[in-house]
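Assemble the complex: chain P is given as a structure, and chain A must be docked to it using the hints.
Residue numbers (this note's numbering), protein chains in the order written: chain P, 10 to 220; chain A, 10 to 220.
The reader is advised that the hints may include incorrect statements.
Claimed, not checked - Computed cross-link-like contacts, DSS-like style, restricted to lysine-lysine with a CA-CA straight-line distance of at most 30 angstroms:
1. Lys220(A) x Lys30(A)
2. Lys68(P) x Lys38(P)
3. Lys80(P) x Lys220(P)
4. Lys159(A) x Lys159(P)
5. Lys181(P) x Lys203(A)
6. Lys159(P) x Lys207(A)
7. Lys101(P) x Lys181(P)
8. Lys181(P) x Lys220(A)
9. Lys220(P) x Lys30(A)
10. Lys220(A) x Lys114(P)
11. Lys114(P) x Lys171(P)
12. Lys159(A) x Lys206(A)
13. Lys23(A) x Lys114(P)
14. Lys125(A) x Lys38(P)
15. Lys203(P) x Lys101(A)
16. Lys80(P) x Lys29(P)
17. Lys23(P) x Lys220(A)
18. Lys38(A) x Lys220(P)
19. Lys171(P) x Lys125(A)
20. Lys159(A) x Lys38(P)
21. Lys30(A) x Lys159(P)
22. Lys203(P) x Lys68(P)
23. Lys207(P) x Lys207(A)
24. Lys101(A) x Lys220(P)
25. Lys125(A) x Lys80(P)
26. Lys207(P) x Lys181(A)
27. Lys181(P) x Lys114(P)
28. Lys23(A) x Lys159(A)
29. Lys171(A) x Lys30(A)
30. Lys220(P) x Lys68(A)
31. Lys101(P) x Lys171(P)
32. Lys38(A) x Lys38(P)
33. Lys125(P) x Lys80(A)
34. Lys171(A) x Lys125(P)
To be verified - To give a feel for the contact side, a few chain A residues facing chain P, derived at Cβ under 7 angstroms:
35. Val57
36. Glu166
37. Ile202
38. Lys206
39. Arg209
Simulated from the structure, these hints should not be mistaken for laboratory data. Backbone N, C-alpha and C fix where the C-beta goes; we use that ideal spot for every residue, glycine too.
If you want the building blocks of each chain, they are given just below.
There are 2 protein chains.
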Amino acid sequence: MSLLENLNWRHSVKAFNPEKKVSQENIEKIIEAARLAPTSSGLQQFRVINVSNQETKEKLVAGALNPDSMKECSNVLVFAAWDNYTAERIDKVYDYTTEERDLPKGRFDSYTDQLKALYLNQPAEENFAHTSRQSYIGLGLSLAEAAELKIDSCPAEGFNNKLVDEILELEKHGLKSVSLMYVGYADDTRDWIKPMKKVRIPRNEFVIDVK
Amino acid sequence: MSLLENLNWRHSVKAFNPEKKVSQENIEKIIEAARLAPTSSGLQQFRVINVSNQETKEKLVAGALNPDSMKECSNVLVFAAWDNYTAERIDKVYDYTTEERDLPKGRFDSYTDQLKALYLNQPAEENFAHTSRQSYIGLGLSLAEAAELKIDSCPAEGFNNKLVDEILELEKHGLKSVSLMYVGYADDTRDWIKPMKKVRIPRNEFVIDVK
Numbered sequence: 010m011s012l013l014e015n016l017n018w019r020h021s022v023k024a025f026n027p028e029k030k031v032s033q034e035n036i037e038k039i040i041e042a043a044r045l046a047p048t049s050s051g052l053q054q055f056r057v058i059n060v061s062n063q064e065t066k067e068k069l070v071a072g073a074l075n076p077d078s079m080k081e082c083s084n085v086l087v088f089a090a091w092d093n094y095t096a097e098r099i100d101k102v103y104d105y106t107t108e109e110r111d112l113p114k115g116r117f118d119s120y121t122d123q124l125k126a127l128y129l130n131q132p133a134e135e136n137f138a139h140t141s142r143q144s145y146i147g148l149g150l151s152l153a154e155a156a157e158l159k160i161d162s163c164p165a166e167g168f169n170n171k172l173v174d175e176i177l178e179l180e181k182h183g184l185k186s187v188s189l190m191y192v193g194y195a196d197d198t199r200d201w202i203k204p205m206k207k208v209r210i211p212r213n214e215f216v217i218d219v220k
Numbered sequence: 010m011s012l013l014e015n016l017n018w019r020h021s022v023k024a025f026n027p028e029k030k031v032s033q034e035n036i037e038k039i040i041e042a043a044r045l046a047p048t049s050s051g052l053q054q055f056r057v058i059n060v061s062n063q064e065t066k067e068k069l070v071a072g073a074l075n076p077d078s079m080k081e082c083s084n085v086l087v088f089a090a091w092d093n094y095t096a097e098r099i100d101k102v103y104d105y106t107t108e109e110r111d112l113p114k115g116r117f118d119s120y121t122d123q124l125k126a127l128y129l130n131q132p133a134e135e136n137f138a139h140t141s142r143q144s145y146i147g148l149g150l151s152l153a154e155a156a157e158l159k160i161d162s163c164p165a166e167g168f169n170n171k172l173v174d175e176i177l178e179l180e181k182h183g184l185k186s187v188s189l190m191y192v193g194y195a196d197d198t199r200d201w202i203k204p205m206k207k208v209r210i211p212r213n214e215f216v217i218d219v220k
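Looking at chain P on its own, in the form it has when it is part of the complex:
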């Protein structure tokens, strides 16, 4: 099936079957789509926390808009972004890229200097707004990959970010949670949205053509 067919196939599942787990192989593919996501300046400013432990999932529930999905899905993928830009984080990415590409050390120095001049002069809040936007590219690609594998999912923003950050100890990784992706297999009897038509605004309202 093509990407467009897969996107038409998927929907945001409202109830998961707690008995059906997603294989590790497929979870890896879903995460791999996010890892391959393009990001601003190639900095990969976000990470994925893969929560399969039932006890941990239940600790994350408080304040979630879909508490049952959190508990009943197979894996909760937490998309978390850098809490700020630092010179160290920027250098680490470009040092690694330089090494992997077998380029002379310092090849990207003038570029990373530009990035530092921009980001290190902005407040952490503004930088986090920027890093968290990048994570949505990864979220979209992971949702598409799940659809290709015919695995159900639901993206979610409605949760207690502070609680999730604390329980997953994200601060020590320099991360803050942004969004969740519930992954699993739908419980068709309780997934009330499944029989409903997928609705999107018409093409002509979605696009403005400048010819």
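Only chain A this time, still in chain P's reference frame:
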């Protein structure tokens, strides 16, 4: 090719061949991927402006980090998000959904009341930060669709948003520009990044496993 193969195939092209245009059929498919993107509460808070007119592209160039790409690519897709939430915008989406699903009028009233209570009490700036994040889901899916079609692309944030908003008259549509996607065919002789290895941080640094 699978989505993961397509994501490995693509890269952010640094130089386009100005002679090679993307067919309208393929542009429609690339935009369709964004139209099918899931968004927070299903509100589809963003639009795509499809700029193929050369004169308009050249007007958008000032302040762009990749001015040549802007001029030489086939189409510039501008991802633009709602400048704010309004009761009218929220109702329009849900009225349409209700109609398309043949549900009783007002079926989603309690849900839209919740959305309004949340968003209409937040400053426009905070709401725009939220709507613009959603547009990155669409951007990611459009990049993936282009890769599936073996069409080259480059996402871009570095441009003069205010100028783009003015030239495309986005204010009258209640939109503000967020990101660009240059679409076309690479000029392999000038696309310096093409021969380089695609680099992403290793899986074990990208993922935190909570088992």
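Do the hints match the structure? See the list:
A hinted pair counts as satisfied when its Cα atoms are at most 30 angstroms apart, and Lys220(A) with Lys30(A) does not qualify at roughly 49 angstroms. About 26 angstroms separates the Cα atoms of Lys68(P) and Lys38(P), which keeps this hinted pair within 30 angstroms; it holds. For the suggested pair Lys80(P) and Lys220(P), the alpha carbons sit about 50 angstroms apart, so the restraint of at most 30 angstroms is broken. Using a Cα cut-off of 30 angstroms, the hinted pair Lys159(A) and Lys159(P) holds, with the two alpha carbons roughly 24 angstroms apart.
As the CA atoms of Lys181(P) and Lys203(A) are separated by approximately 36 angstroms, the hinted pair breaks the 30 angstroms bound. Proximity of Lys159(P) to Lys207(A) is assessed by CA-CA distance (about 28 angstroms); at most 30 angstroms being required, the pair is judged to hold. For the proposed pair Lys101(P) and Lys181(P), the alpha carbon gap of about 17 angstroms is at most 30 angstroms, so the pair holds. The suggested pairing of Lys181(P) with Lys220(A) holds, with an alpha-carbon distance near 18 angstroms, which does not exceed 30 angstroms.
With a C-alpha separation of about 13 angstroms, the suggested pairing of Lys220(P) with Lys30(A) holds against the 30 angstroms cut-off. Distance check on the hinted pair: Lys220(A) and Lys114(P) sit about 38 angstroms apart at the alpha-carbon level, beyond 30 angstroms; violated. Taking the CA atoms of Lys114(P) and Lys171(P), the gap is about 39 angstroms. The hint is violated against a cut of 30 angstroms. Proposed proximity of Lys159(A) and Lys206(A) is supported: the alpha carbons are some 18 angstroms apart, at most 30 angstroms.
Taking the CA atoms of Lys23(A) and Lys114(P), the gap is near 22 angstroms; set against the 30 angstroms cutoff, the hint holds. For the given pair, Lys125(A) sits about 37 angstroms from Lys38(P) by alpha-carbon distance, which is inconsistent with the 30 angstroms threshold. Taking the CA atoms of Lys203(P) and Lys101(A), the gap is about 22 angstroms. The hint holds against a cut of 30 angstroms. Of the pairs offered as hints, the one joining Lys80(P) and Lys29(P) holds, with about 12 angstroms between alpha carbons and a cut-off of 30 angstroms not exceeded.
For the hint pairing Lys23(P) with Lys220(A), the CA-to-CA distance comes to about 24 angstroms; that is within 30 angstroms, so the pair holds. Of the supplied pair hints, the one linking Lys38(A) and Lys220(P) holds, its CA atoms being roughly 17 angstroms apart against a limit of 30 angstroms. The hinted pair formed by Lys171(P) and Lys125(A) meets the criterion: a straight-line CA distance of about 24 angstroms does not exceed 30 angstroms. With a C-alpha separation of about 21 angstroms, the suggested pair Lys159(A) and Lys38(P) falls inside the 30 angstroms cut-off, and the hint holds.
As the CA atoms of Lys30(A) and Lys159(P) are separated by approximately 34 angstroms, the hinted pair breaks the 30 angstroms bound. In summary, the hint linking Lys203(P) to Lys68(P) is supported, as the alpha carbons are separated by about 28 angstroms, within the 30 angstroms threshold. The suggested pairing of Lys207(P) with Lys207(A) is violated, with an alpha-carbon distance near 36 angstroms, which exceeds 30 angstroms. Distance hint between Lys101(A) and Lys220(P) is fulfilled; the C-alpha atoms sit about 28 angstroms from each other, no more than 30 angstroms.
The suggested pairing of Lys125(A) with Lys80(P) holds, with an alpha-carbon distance near 28 angstroms, which does not exceed 30 angstroms. The hinted pair formed by Lys207(P) and Lys181(A) meets the criterion: a straight-line CA distance of about 29 angstroms does not exceed 30 angstroms. Only pairs whose Cα atoms come within 30 angstroms are accepted, and Lys181(P) paired with Lys114(P) is accepted, the gap being roughly 29 angstroms. Pair hint Lys23(A) plus Lys159(A) holds up; C-alpha atoms about 16 angstroms apart against a cutoff of 30 angstroms.
Between Lys171(A) and Lys30(A) the CA atoms are separated by roughly 27 angstroms; this keeps the pair inside 30 angstroms, and the hint holds. Straight-line distance between C-alpha atoms of Lys220(P) and Lys68(A) comes to about 14 angstroms, which keeps the hinted pair within the 30 angstroms bound. Restraint check: the Cα-Cα separation between Lys101(P) and Lys171(P) comes to about 27 angstroms, which is no more than 30 angstroms; the hinted pair holds. Note on Lys38(A) and Lys38(P): the hinted pairing holds, with a Cα-Cα distance of about 24 angstroms set against a maximum of 30 angstroms.
Simply put, Lys125(P) and Lys80(A) have alpha-carbon atoms about 28 angstroms apart, close enough for the 30 angstroms limit, and the pair holds. Pair hint Lys171(A) plus Lys125(P) holds up; C-alpha atoms about 24 angstroms apart against a cutoff of 30 angstroms. About 5 angstroms separates the beta-carbon of Val57(A) from the nearest beta-carbon of chain P, less than 7 angstroms, and the hint is met. A distance limit of 7 angstroms between C-beta atoms decides the matter here; for Glu166(A) the minimum to chain P is near 6 angstroms, and the interface restraint holds.
Taking 7 angstroms as the C-beta cut-off, the interface hint given for Ile202(A) is violated, the closest approach to chain P being about 10 angstroms. At a threshold of 7 angstroms, the smallest CB-CB gap from Lys206(A) to chain P is about 5 angstroms, leaving the interface hint in force. A hinted interface residue such as Arg209(A) counts as satisfied when its beta carbon comes closer than 7 angstroms to some beta carbon of chain P; here the least separation is about 5 angstroms, so the hint holds.
When each numbered hint is compared with the structure, violations occur for hints 1, 3, 5, 10, 11, 14, 21, 23, 37.
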